[in-house]
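So the protein sequences, as listed, match chains D and Y.
Using the working numbering, read the first sequence as starting at 1 and increasing by one per residue.
Using the working numbering, read the second sequence as starting at 1 and increasing by one per residue.
None of these hints come from the bench; they were simulated from the model.
One should not assume that every hint holds.
Claimed, not checked - Quick list of in silico lysine-lysine cross-link-like pairs, DSS-like style, CA-CA up to 25 Å:
hint, chain 1, residue 1, chain 2, residue 2
1, D, K253, D, K227
2, Y, K158, Y, K456
3, Y, K456, Y, K426
4, D, K397, Y, K367
5, Y, K306, D, K144
6, D, K144, Y, K367
Said to hold, decoys possible - According to the in silico footprint, chain Y covers these stretches of chain D (three or more CB under 8 Å from chain Y):
hint, region
7, 77 to 87
8, 105 to 117
On a predicted model such as this, the values are computed, not experimentally measured, just so you know.
We put the CB at the ideal spot given by N, CA and C, even for glycine.
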Amino acid sequence: MHSAASAQPSGNLLVRNGTVMTVTKGTMEQTDVLIEKGKITRIGKNIQTPAGIEVIDATGLYVMPGIIDAHSHIAISTVNEASRPVTADVHVGDAIDPYDVSIYRALAGGVTISHAMHGSANVIGGECQTIKHRWGIYNPEAYKMEGAPRTIKFALGENPMRVHGEGRGIQPRTRMGVEQVLRSAFAEAKQYKQKWAEYEKRKQSGLVAPPSYNLRLQTLADVLDGKVLIHCHSYRADEILMLMDVLRDFGIKNLCLQHVNEGFKIAPEIAAFGATASVFADWWAYKFEVYYSTAYNAAILTRNGVVTSINSDSGELIRHLYHEAAKSQKYGGLTDDEALALITINPALQLGIAHRTGSIETGKDADIAIFKNHPLSIYTIPQYTIVDGIVRFDMQKDPADIRLNIDPEEEFPAFFEFWETHDRCMQDTEFAEFFGHHHHHHHE
Amino acid sequence: MRLLFYSSLLTVAVLYFVAAHAQGNPALQPVTSTYVLKGATIIPAPGAKPEQSMMLIERGRIAAIGTSISVPAHARVIQCDSLYIYPGFIDGLSHTGIEAPKPPERSQAPAGPTGQGRAPGEIRDPYNPPNDQAGITPEVRVRDILKTDDKSIEEMRKLGFTMSHVVPRGRMLPGMGAIVSLGTGTADKLLVREDVSVFSQFAGASQMYPSTVIAVIARWRELFHQATYAQAHQAAFDRGAAVDRPRYDRATLAFAKVTSRDVPVYFKTLSALEMSRALALQRELGFRLVLADTKQAFRMKDDILKAGTSVVVSLSLPADKSEKPKKEEQKTVAPQDTVSMQTADAEAEGKVEAKDPEQEALNARRKASYEEHCSQAAVLAAAGVPIAFSLLDVKPGDIRANLRNMIAHGLSEDQALAALTVNAAKLLGIEHMAGTVAQGKLANLVVTTAPYFSEKSQVRYVFVEGVMYEYEIKSKSDKKSDDGEPSGRQRGDRQPH
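Next comes chain D alone, as it looks inside the complex (with noise of 0.2 Å):
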């Protein structure tokens, strides 16, 4: 099972006489998929077996690329750190939870990667961290996925407002203060990047001091440089345009937004900076700033040439992207192949991982969901995900007891925990409420 040449565990699989659905290159009827050391190496018919190879027998079922979820936050210790306006030093990436019971649900909705985000309760918040769900592993490193490209977390609106403005009475308490804050910390980035060349120029003569080292400005002059994808937690369309208007000035283009309900007013305004959405399909009216929602949203933004994907951020959504995927097909008519990017090769594009997933082709990481009934179907039941050729879920061996770690002195077993039920992007948020705010429970 174990390769030699990859750092994480892969496998050895032939997926047979399924139909297999690339996603990116048609649908193939009664075809094979052949898996070595973790890599799609053959798609076609009656390809020979090789000696020793494990064998799951798709026949009659569907063969899809691993589901992606381009903004989540299962497997991570800890959501925010909120305790300041702009927290780019931090990154999730460093509380990978490998124990967090919400990576085997995940795949068995067929789900193989996932974007770990940091919460929305700061304007700028941490770095993200997308993970592969090599369930099983208890090593978190081993969750990251290599070679994936930094991301990081910015959030608009009210949620920045809420926990700094009303929360303690600082910037941002409206939405200027919230453009405010974007434009003095990149302000702040360009002169300490400044700072740091001039230092570089002339360090070899040993007779300059080295500037203050601050990892905060750190990262967003990493940010600067393009070295960063943006994430950006956004709902209203005038705050998306203020959001490109900053960006533009400072010369930065990697953009994802995230959520972004208001995205189908300005579709063509964000195709031509280039920006991508990730969406939800129908999931709104959970407060003020998203009551002017549309279930066309994610066809629309289609149309009009914005690489678009549908999210989850839930521990619960993650389990059924597919029915979410699904919506598009009765709110907008997009065709199968687009409805499945919207889960697939799009959120891989939106990671810069999509020279390596997303779909199914030879030479990608062999990350595979399979199917009973087709994906978009309602009837559909998930029965193996792959993750690097290791079948990480298979439906017919689903264990009672799926945990890894168990407490020793638990009073009870946590089957149902309250939280798993509801999304996490304000998690850690609440020493933010003994400032004086009402706990709220928000969606977003």
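Given the coordinates of chain D, work out where chain Y should sit on it, guided by the hints.
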């Protein structure tokens, strides 16, 4: 005969004086600091052959061991027939002698229109708090905060601990560790060595930056780079370059001991997950790491071997929930009202006897997890990882039972003794003065009535650098709780601190 009578009288008198001294009366000095221990079985080191020898203690050190030692005229002879002498124990990490901080007084005042309704001075700037509020105080030294009359010192001593690796309490970076002799006297007297470690925890500051584990790790990373750059700045200044005089930043200066690899970081890592995080940080930054106060290292054996890190395992163990009486368990197992109601219904219908197979399976996994936690020390020792013990969150009254439990789960008595003595000495770099019973080493000894790890064993004497502490032996008749602890006046001291 008369001579024997008088010498016993004298012994009684001396005993009285020594006991008084041991109880901390600084006015009374012991009559002599030279002792001869006679007739005991000496276990010089873990795994070594026990030997019947005499021992001469002088100037706080073991002056001689042998079968024919001439007893100096000024020596006090202690008859140790049927007693066992072990090297004094050394813990790998503790807060012994460090007072628990008082909980900060919180303002309950509601936030005003600008959110400023809190008491003045509580949190001035939660966005950029000063280091001491943020829990970043690596410059704190044990010598300045050691409470030499803290009852934890006496509590640990009477269990046989004679030296301790003491670290300050706090949050992310509470301070530097020191090796402390668990005797009596001033902090300067008890301090054996300071700045032996930097202590760190994944503990955020309350209601301010860094509040979560991601911010603690980010701040750690930042501090590391700042300390490295500070050295470059200092070097430029020393070269006479036209740069600002380096700021005397106490946290950065103290942390430089980490970046320079002068001292190891003892990272409190209770869970396997925390251990993984500390190991990842260590791989990234390259500091010296000791995984400390671990409870789940049984899962991390391979990572530990690969990284070559030392491990200081927690001496605390989880409670065995499966040993609860049946009735009580049913009560505590009920998670929610609905289930309680079901239980109540079931009781009413007399169906309590029926076993729920799902519940049974869950209990079995919990029991298995309990067993795994108890086997932590054994798993590491068997893999060849030299372990020491941490006392950070163990109740003193549980220590001996927990050691026996670890032994019941596969730790050999020699391995347990090594963890308490030579391993800790080696880890702390004091093996030349402590950890074994040998001529020239400090006279740190535990003298027991039976082999230490046996249930009936009681501590009779503890020597800390030649100072004798004597403990009464419980007779069989007043043994009720049978926990192998000395009784009498010590009993009242057995609360956790």
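Which numbered hints are broken by the structure, listed smallest first? 3, 6 and 8
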